[in-house]
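**Q** Required output: the full structure, derived from the provided sequences and hints.
As they're listed, the protein sequences go chains A and B.
Under my numbering, the letters of the first sequence match residues 1 to 361, in that order.
Under my numbering, the letters of the second sequence match residues 1001 to 1361, in that order.
Do not rely on the hints blindly, as some may be mistaken.
As the list claims (entries may be wrong) - Facing chain B, from chain A, some residues (calculated, C-beta under 8 angstroms):
1. F85
2. A87
3. T117
4. Q119
5. R120
6. K142
7. I154
8. A156
9. W199
10. A202
11. R281
12. C284
What the hints assert, rightly or not - Among the chain A residues that face chain B by a calculated CB cut under 8 angstroms, a handful are:
13. G121
14. H147
15. R149
16. G150
17. M153
18. G155
19. F157
20. V320
Keep in mind the hints are simulated off the structure, nothing from the lab.
Just so you know, even glycine gets a beta-carbon here, dropped at the ideal spot from N, CA and C.
Number of protein chains: 2
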Amino acid sequence: MQTVRVALGERAYPIHVGEGLLGRGELIAAVLPQRRVAIVTNDVVAPLHLGRLAAALDAAGVQVATIVVPDGESHKDWATLNAVFDALLAQRCDRQTAIVALGGGVIGDLAGFAAATYQRGVPFVQVPTTLLAQVDSSVGGKTAINHPRGKNMIGAFHQPLAVVADMDTLATLPERELRAGLAEVIKHGAIADAAFFDWLEANIEALVARDRAALAHAVRRSVEIKAAVVARDEREAGERALLNFGHTFGHAIEAGIGFGAWLHGEAVGAGMAMAADLSVRLGCLEPAAAARLRALLARAGLPVAGPALGAERYVELMAVDKKAAAGRLRFIVLDALGAARIADAVPEATLHATLTACSRT
Amino acid sequence: MQTVRVALGERAYPIHVGEGLLGRGELIAAVLPQRRVAIVTNDVVAPLHLGRLAAALDAAGVQVATIVVPDGESHKDWATLNAVFDALLAQRCDRQTAIVALGGGVIGDLAGFAAATYQRGVPFVQVPTTLLAQVDSSVGGKTAINHPRGKNMIGAFHQPLAVVADMDTLATLPERELRAGLAEVIKHGAIADAAFFDWLEANIEALVARDRAALAHAVRRSVEIKAAVVARDEREAGERALLNFGHTFGHAIEAGIGFGAWLHGEAVGAGMAMAADLSVRLGCLEPAAAARLRALLARAGLPVAGPALGAERYVELMAVDKKAAAGRLRFIVLDALGAARIADAVPEATLHATLTACSRT
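**A** Below you can see the structure in the form of structure tokens.
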């Protein structure tokens, strides 16, 4: 097991990465204010992992309630959130009862927002079971539900007390989800670490084949990069926005074709290809670097073009995105592989050229 | 105008108390990150005060959107909150658009929770127009909506950038609401300041008669007391719980007879009489002091006994209250007028005696 710390002062917390961690209840018990938790999970993850985690917590002297919601992005909504609140109240969970999210990004976001708002905030622990959640959404404290007008429109910042990323859970992950998770891994290399990007080019097939050592390295390096960014800018006042590379396009894709039709990582994959294309058109990125990113995404089995929504519709969808500041669209662009920055003033014609060139016809 | 500061480090903010403040748009404009606001108010307050505030903000160069929701505690729910989100999205409000709550405690709690969670948190300003909101709910950052199983069950801590308490708004306040607001004023004296309690005994009729100088003094002293407590314990880890004097009983009353049947201040009035009775039965408070509190509440026109719900039902309702810690009921009791503390271990028989003695038959 390796442990990465997120340096956030009194809200600092450990991210444990390794094998067999679901069976180590003491990792969670150690951070609880009271030995009582409510595990929130879904009906796909529960049969795979809930028994093991609950037994381990029980063995560590922790009283466990469980709340199982339906699987899927379409359930990251108010109705499901309210069902979680109902269950917490029915089981008399109080302000000291920690909520443990066991599942992928949807469960982490939903359970995290429940933890942020139940009785004005209760302790929270993340146990991510997908690659995407392990390398991205479980770290950094962003929680949310979707609104019909936009993804993650309603949410809060609520840091967990700990994150426990067990590599064993990746063994049962559907291949499509594994590939989607690789999108965020590639993103971390693209925005912050050229050497890690090189390593990914050399190891992408091993990652797709679930080589355990390769996966553990990719997860650890990803959370190190993300933890460092979050520690410097917890509330996304500046640098943290760089983690949204590919996401302005990606969220438009998800909203445009309906949440859940593409996996988040797939939309981000296409979104990064689009953002790289935009970077080239703006004159900041070498065409060869954009081609390398596209090739790596393709080898990971990710889309490198968006669906055919039409440029106008893309712009409309992006305008309601949270990352629009004062009505202007905002993009993360690359100056090189490993170096990203915010671009506020993108000419409309350039954006249209990217949207036309990088979406399916 | 007098200004009280809430000392919360980087989240510190001013509370302005005085006359004619709705017309001074610069008080709000000065704290905004961007000259754009969405005023959230209700259909009773809007005709009285919205025009004046909107014109003053406009004159200060602030772009104003308005969102009007139905009046009443029954609308402090998810449906109304979602209507606010819909309006914010329809008007393309972004992360830099401040939400301004113009109204009483319901509007402040609801708009505040919208501000806490819209796009994971936007700037917030409180313009309380009821005595209760001015002396209590607008200060301290507590925001929430109700859940069918309990009041304020879903919420967040989200401090405002400023609070603007205009005494002029009290002129149009229904008398019943004015009296309800006095409950929280009396509470501040009872838990923290014996001299202020003495002053209230000497001036309660002037307050009920809306003597402006008396009201301004009562509001300023109340927010000073509350601001000092909040500054020492923002997240209610300890001392801040003292502000809940009368509220464990009060919330049970509100939940037991249906939210909105009694005003919050009325329920707290009866709740304080009950908590004082409990304090006497526990042997910490002189009977004469409890009698003084009861007499002052009665002179303010507030109830000094709860509705006839039955002791068992009271206990049941209190058990789901947020303030129950680890399944145990928790009460704020008085050692004297001006001195409160937390009592965790109240014998069941003592509690039953209070519930029987202090509720209507």
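**Q** It remains to establish, for every hint, whether it holds in the given structure.
**A** Here is what the structure says about each hint:
no. : hint : verdict
1   : F85  : 6 angstroms, holds
2   : A87  : 11 angstroms, violated
3   : T117 : 5 angstroms, holds
4   : Q119 : 5 angstroms, holds
5   : R120 : 4 angstroms, holds
6   : K142 : 7 angstroms, holds
7   : I154 : 5 angstroms, holds
8   : A156 : 6 angstroms, holds
9   : W199 : 32 angstroms, violated
10  : A202 : 37 angstroms, violated
11  : R281 : 26 angstroms, violated
12  : C284 : 25 angstroms, violated
13  : G121 : 7 angstroms, holds
14  : H147 : 6 angstroms, holds
15  : R149 : 5 angstroms, holds
16  : G150 : 7 angstroms, holds
17  : M153 : 6 angstroms, holds
18  : G155 : 4 angstroms, holds
19  : F157 : 6 angstroms, holds
20  : V320 : 6 angstroms, holds
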